[in-house]
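Residue-level listing of the chains:
There are 2 protein chains.
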Amino acid sequence: MTAISPHASVSAPASEARTSGRVFNFGAGPSTLPDDVLKQIQQDVWNYRGSGIGILELSHRGKEYDKLIAEIDDDLRAIGNIPRNYKILFMTGGATSQNYIVPANLLPPGGTADHIVTGYWAENTLADARQYASCSNTKATIHVAATSADKNHSYIPADADIKYSASQGRGGPTYVHITSNNTIYGTQWHRLPKIPEGAFLVSDACSDFFWKPIDVTKFGVIYGGAQKNMGTTGCSFIVIRDDILERANKDIPRMLQYGVFSREESRPNTPPTFAIYTVGLMAKWIKAQGGLAALEKLNREKAGLVYAALDANTGFYTPHVRKEDRSFMNITFACKGVGAKEGGGGMEMDARFLADAGKAGLAVLKGHRAMGHGGGMRASLYNAMPLAGAQALAEFIGDFAKKNG
Amino acid sequence: MTAISPHASVSAPASEARTSGRVFNFGAGPSTLPDDVLKQIQQDVWNYRGSGIGILELSHRGKEYDKLIAEIDDDLRAIGNIPRNYKILFMTGGATSQNYIVPANLLPPGGTADHIVTGYWAENTLADARQYASCSNTKATIHVAATSADKNHSYIPADADIKYSASQGRGGPTYVHITSNNTIYGTQWHRLPKIPEGAFLVSDACSDFFWKPIDVTKFGVIYGGAQKNMGTTGCSFIVIRDDILERANKDIPRMLQYGVFSREESRPNTPPTFAIYTVGLMAKWIKAQGGLAALEKLNREKAGLVYAALDANTGFYTPHVRKEDRSFMNITFACKGVGAKEGGGGMEMDARFLADAGKAGLAVLKGHRAMGHGGGMRASLYNAMPLAGAQALAEFIGDFAKKNG
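Which chain is which? The protein sequence lines are A and B, in order. Positions in the first sequence are counted from 1; adding 845 to them yields this note's numbering. Positions in the second sequence are counted from 1; adding 845 to them yields this note's numbering.
No lab work stands behind these hints: they were computed from the structure. Check before you lean on any hint, since a few could be wrong.
Claimed, not checked - List time: in silico DSSO-like cross-link candidates among lysine-lysine, alpha-carbon distance up to 30 angstroms:
no., chain 1, residue 1, chain 2, residue 2
1, A, Lys1095, B, Lys908
2, B, Lys1057, B, Lys1132
3, B, Lys908, B, Lys996
4, A, Lys1095, B, Lys1095
5, A, Lys1057, A, Lys1129
6, B, Lys1181, A, Lys908
7, B, Lys912, A, Lys1204
8, A, Lys1142, A, Lys1039
9, A, Lys1204, B, Lys908
10, B, Lys996, A, Lys1181
11, B, Lys1204, A, Lys912
12, A, Lys1063, A, Lys984
13, B, Lys996, B, Lys1008
14, A, Lys1168, A, Lys1063
15, A, Lys1168, A, Lys1095
16, B, Lys1168, B, Lys1181
17, A, Lys984, B, Lys1095
18, A, Lys984, B, Lys984
19, A, Lys996, A, Lys1181
20, A, Lys1008, A, Lys984
21, A, Lys908, B, Lys1204
The model shown is predicted, which means the values in this text are computed figures rather than measured ones.
Construct all of the structure, not just a fragment, from the sequences and the given hints.
Structure representation (structure tokens):
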């Protein structure tokens, strides 16, 4: 490894990312970051705010870091309208580790959690919660209140189809768990479920938190990894209401207790400082875009362009999701197959789509294997995807259908 | 936040870090990184190996990342002489989370772990292991085989002073836990303890792994955070022998199982990709320095300079640690006090030392409060601290004593 010269391409504007050596990255996470954020990181890695020390090397007990985490907390509250009676925690292990950390902290002995299962990660959450219940002392029950598995997770269940545990003659749930956006199948909750009185809502918002303004007070807990809408890998966020935090279990390992992370400002030991700092950069970037209201408008415009291109070519493409449940973050579709059989024309056309898109600088569009039929395509349009990326993709979708239809 | 211009100072050679806007950072972790590593990061954040995607945005399921983690595994094995019957895992939560993850994975029901307690983090490890034993189903016993607490952790216990559980009429331990380097007090194991037959050695090597060549086969498990000798915050490494891995507990949450991390190449979910990548850069940097043998020579020279400066001024400074147990990573000392009482002359002189050192570009030298007497000073000389930093500090130590003695 040798020293590098300062890269010449750094000054390209975000809307022309492709002229700067960078492609449009439609990956589902880790996902693309704004050019301005990357440039700030390049500077701070060398020397953070004139300290003479880079951000990667900065003590988590020093005054610069004290200031940094106070700013991040303020900025997240400001842009997300997060009330003072909610705490924002940063942990590690991703949203997947919350699969057991949530019940470990929040389920009382013999308690019940109701899960609404709307996709791949929701299935994992369910399985991990059940595994936790079986290997711990909690004697907890994990109940499936509804699932969209019957139609390959292509829709969000209606309230009428949700059967909470209380309605089945058992004790009501402590909480109801939803996955607000289903990254792999491409559905998204555009309403919240009606939940039993006394229960609170826990939302895995890994792939759509901070995509638009939301009413945080409708939730007891919101959690996710930062690497989609809000930064990079290595830290997970937990937004949790004070009264739930106060009741959280203390009879679990110290490093898993929400209460410990709250009291110790998410640094009971060396935290993932760089990942947390990157969340802070994203918060400042969102502020600079005009906040979440402006971002929602942009995100709707981006997804609108891509869905419109698919809907204009329904003879060629099959979108996976029922229209009213479509995600604004992850758009899933496939080319229609000749006979639509496994390994048939659709999959070959999908492969051609992905290859041609790659050549056009539209990258990481392959869908997830769990979708079946090879996975098809998935375009993730998180906060940091510029409008130009969505425009380029929409145009490509139309052109490809014309050329191959 | 506005776009920045490429930093002008990047091309300064490592040995002149202070002329580049950077200080010598003696922090105990997160610690200083080599200039070349930082420059590589600046490049890769924008565009990783010509992929058009930055390292922070790179999919953990893509071919670039496949290649990256294979390279890291190869490089770590090569420089560390890690045999094929050991696996290298990356997890999150730091070494502190291993305090419960180690017994959760490795202690059979009713099993015993023997701890040799040689410092602040070793005390924490003991407390967390006991807390885990009390809040889990394991009915495990955590036994203190020896402690250096009687002399404020200023020495490493002799074999004759270690009383294993087997010798007290109980079942022998499954493993013996040591902390190979004590970051806060500044002691280091320069031999390994003789352990009972049938037991294996578990070493928290958070602050001295990869400081020199070691015989990995003497250990069952070696673990630590990467942010001292091997990178930045956000990932912990676990080097574990295959037979121990195979016996590891499966009746704990999936995301805590060593077996899962081994089978799934440390990516059962989105891993801390950037932190792991930085470990890889450190491995390549160590290779470029001539490997661990060359690094040991350099590390001995660096620590030798600083200890020599202290020993030349014994009328002015008190090193904390018994000479034969001195750490090559963390050097702890204080100015002699007038009467040596709490709040006395020593502490005032320490404060002056720290202030003057800071002005001279020698940063983050404050010792830990747990040391007592205000904490005194601690100079951390991890792998990435250049010789010039140790030279500058040694010179300052002499000059300061002359000026204030």
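Here's how the hints hold up against the structure:
no.: 1; hint: Lys1095(A) / Lys908(B); in the structure: violated, 42 angstroms
no.: 2; hint: Lys1057(B) / Lys1132(B); in the structure: holds, 12 angstroms
no.: 3; hint: Lys908(B) / Lys996(B); in the structure: violated, 53 angstroms
no.: 4; hint: Lys1095(A) / Lys1095(B); in the structure: holds, 23 angstroms
no.: 5; hint: Lys1057(A) / Lys1129(A); in the structure: holds, 15 angstroms
no.: 6; hint: Lys1181(B) / Lys908(A); in the structure: holds, 27 angstroms
no.: 7; hint: Lys912(B) / Lys1204(A); in the structure: holds, 22 angstroms
no.: 8; hint: Lys1142(A) / Lys1039(A); in the structure: holds, 27 angstroms
no.: 9; hint: Lys1204(A) / Lys908(B); in the structure: holds, 17 angstroms
no.: 10; hint: Lys996(B) / Lys1181(A); in the structure: violated, 75 angstroms
no.: 11; hint: Lys1204(B) / Lys912(A); in the structure: holds, 22 angstroms
no.: 12; hint: Lys1063(A) / Lys984(A); in the structure: holds, 28 angstroms
no.: 13; hint: Lys996(B) / Lys1008(B); in the structure: holds, 18 angstroms
no.: 14; hint: Lys1168(A) / Lys1063(A); in the structure: holds, 25 angstroms
no.: 15; hint: Lys1168(A) / Lys1095(A); in the structure: violated, 44 angstroms
no.: 16; hint: Lys1168(B) / Lys1181(B); in the structure: holds, 18 angstroms
no.: 17; hint: Lys984(A) / Lys1095(B); in the structure: holds, 18 angstroms
no.: 18; hint: Lys984(A) / Lys984(B); in the structure: holds, 18 angstroms
no.: 19; hint: Lys996(A) / Lys1181(A); in the structure: holds, 18 angstroms
no.: 20; hint: Lys1008(A) / Lys984(A); in the structure: holds, 21 angstroms
no.: 21; hint: Lys908(A) / Lys1204(B); in the structure: holds, 17 angstroms
Going down the numbered hints, you'll see the structure goes against 1, 3, 10 and 15, while the others check out.
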